[in-house]
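Enquirer: Chains as they are written, first to last, in my numbering: chain H, 1 to 634; chain G, 1001 to 1232.
Do not take every clue at face value.
[Said to hold, decoys possible] Derived DEER-like restraints, expressed as beta-carbon distance ranges:
1. G/G1198 - H/L425: 45 to 51 Å
2. G/T1193 - H/S35: 46 to 52 Å
3. G/T1193 - H/S293: 25 to 31 Å
4. H/M318 - G/A1230: 18 to 24 Å
5. G/H1183 - H/D241: 50 to 56 Å
6. H/F44 - G/A1230: 33 to 39 Å
By construction, these hints were calculated from the structure, which means they are not laboratory data. Backbone N, C-alpha and C define an ideal beta-carbon position, used for all residues, glycine too.
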Amino acid sequence: MKATFRSMVSLAALGAAMVACSPTVDDDMSEAPPSRAGLAPGLFDAGTAIWNLELTASVPPPDGFFDLDTVMIPLGRPDDSEGEDEPADDDGSDETAETGADDSGASDDEVGEEETGPGLLAFANSDLAFTGDRVIMGGFHGFNVYDTANPDDPEHILSVVCPGGQGDVSVHGDLVFFSTEQNRGRLDCGNGGVEAESSPERFLGVRIFDISDLNAPRQVAAVQTCRGSHTHTFVPHPTDDSIAYIYVQGTSSPRPDSELAGCSGGEPDENPDTALYSIDVIEVPLGSPEQASIVSRPRIFTNHETGEIAGLWAGGAMEDGAQTAASTVACHDITVYPEMGLAGGACGGNGILLDITDPVNPRRISDLADPNMAYWHSATFSNDANKVLFTDEWGGGLGARCRAEDPENWGANLIADIVDGELELRGFFKIPGEQSDIENCVAHNGSIVPVPGRDIMVQGWYSGGLSIIDFTDSDNPFEIAFFDRGPLGPDALRVGGYWAAYWHNGRVWAPEIARGLDVFRLQPSAYLTANEVAAAELIRFDEANTQTQLHITWPDEPVVARAYLDQLTRSGALDQAALAMVRDTVDAWSSGDADAASLTAAAERLDTATTDAGPSSADARRMAELSAMLLRVR
Amino acid sequence: MIKSVTIFVVGAILAGTPQAFASPPIFQPGAPGLPSRTVTPEQSISLAGTGHSAADVRFMQHMIVHHGQAVEMGELIAGRTDNPDVALMGARIASSQASEIEMMQAWLERRGLSTRMAHASAMAASGQGHGNHAMEPGMDHAAHGVPSDTPLMPGMLSPAQMVQLEAARGDQFDRLYLAGMIHHHQGAIDMVTDLLAGPGNGEDPQLSEFLSAVIADQSAEISRMRGMLADL
């Protein structure tokens, strides 16, 4: 029986008391994190563990995008099916013997062209895009739009149903870009099936919707690609804002030429035109998006010396005992950082760094493989673009990979520094192995939390919950906050959890595969002061797509200065006298009483300490930023 | 907390902005350039239902048997070769194919379908086994004198080849195993290609992803095994 979920009262805020804003770091706030082990199962009433976060809203999936039976489909065989007799249709096999072993399917009458209920993941929520006061949540069934004028009470305002894949979603202006990759995808978002062998009605690629009229969203373009679109990335033109590009990452097997001209598969030694070993670049004239078309298929894995198209990792283990890595035939996802002219590609067997100053012809400038990585899945730059954090989706997201017995560097985050344009391996981070064997869990999508002076990222771990880490020291990342729920149900693995967790305009937005959209606020803690939280919450963007990374510039505000001071207090890099002096100056600035001379004096004090701290250290950078700010506001 | 469906009144949309309504509209787009239509939540849910074709079911039933032989080939490795690369590759293939067999069985069982191939006794009649056990991965090739040279389906080793593999040792085993598995994998890729050439096949999302995975994983393994074979 199918029950459709209509509405649910938002979960009350968990009532974590706001910690009083204190300019100093209070060691008493340092509480041991709660255990994430053994949380009770439940769809909307699972047990939870929360640390240094507040859950402010929990919006269940809307009508037409939720089906209880589908959500609760167990993955694999439920325990109770073991030892069951096979369904008995072998009994009539003597009759079929008469017809011979052809494929006419005499015994398939009971099957026919049968409609079954929605399959696993049919209503799974996936990625988010942000525009104005709206959040767009993509998914396997289409996308939903929420009004988030009050971020702690998002209001669902419309749905667009369009099944056909994980529905990776981006937004620019009135246009929504949407990925389709499954064979059931149709041009008209229906499910009437594709009748002909190679049908123009079958659609795999990137759709473009116009949502300028919320009463009549329309599909305005659908750009077919050889391997569909598993994910895509919005890439602005460097100078011309009437044009944008979409990088298309297709991971399906290539379609035949008979279905889509120019498509073919195979290895490049046999077929140099293979649709493998490339990405698709779509150019979108923003004023006439219906003219969007593919303009290049760059071979970004080519060996620069030999010219070999399949130039990167061929798949398999790098050494004895190493993880079995995917082969690099496609990128799973690409994060572009337009202000830096860079992109980070997570491409199966490799993490790569691309120069995208010419977006139509991205050029690989570095690549990395690692024996711990099974499937390079996503990339996030630090704000200064000196580091890239890659996730490893070991097991594809459907497996339980955060158990005590799972290696701590497998299915984890890999952090690489960018040194002279080259990726260099640093540290790994994985949430503790406290998840059960019925919770799908592995590193997944996230974004930077804009705390000045630190590299902090929030990300989803599927049923492992969401986690916030500090990777300022790329060799030694550590966790500073998390939220976790128990599994969807007892006894068997059901696919749920956070597809992603993204920071945007002062909140953490977390699309839950089965349970809808959750919103969180940071809570100050020993690891993050109230000033650091407030400085992060200052950062606002009108439009944001996580895989189109935006450079963060903090305003000259006292709270930003205090965030730096809190960090210098925590690290002990600035002596007490200097700290007190600079704090007094910032307090005076805050109340409008600072004169130019005192600001200059504080800046000079910081400059002296910067030299002592070692010019390349995180503390030196904090002091330099703070000093520069004090000079700017004189 | 779960309530029954509230019917969405389509006509109401035309009267004002979506925000004015308790139940936000659900749009189903038309093809590019064409207008969208509004659908009810029930219609929306029904749009997620994907069918499976008779060919999809046959494919899954056959692939279980096909994969089963790969598992069986992997079980022969122990004691027959010291080549660590072959052992590692074999273990990997056997374990991934075993878990895929479970997935395929679950897919069929969830739809109330048999996990076994039809035409079982047709196979038996052609001398490839006996009765309903003909399809089982551990084909009983020793029990009836001379094993058949005819494989059960494209890419599978014939019973005779399985006997040969079982008897081989060392370098000879490595060669037969690798050549056999390359052939075996190519057969699976051909089965996927054939399935996808048929109208309306492979639309079920889980099946769709599995088909992609078979092509991607097995193509990659084929090229690695070709390299290993060349290096022997």
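Enquirer: Which constraints among the numbered hints does this structure fail? Numbers only, ascending.
Expert: Violated hint (a single one): 6; every other hint is consistent with the structure.
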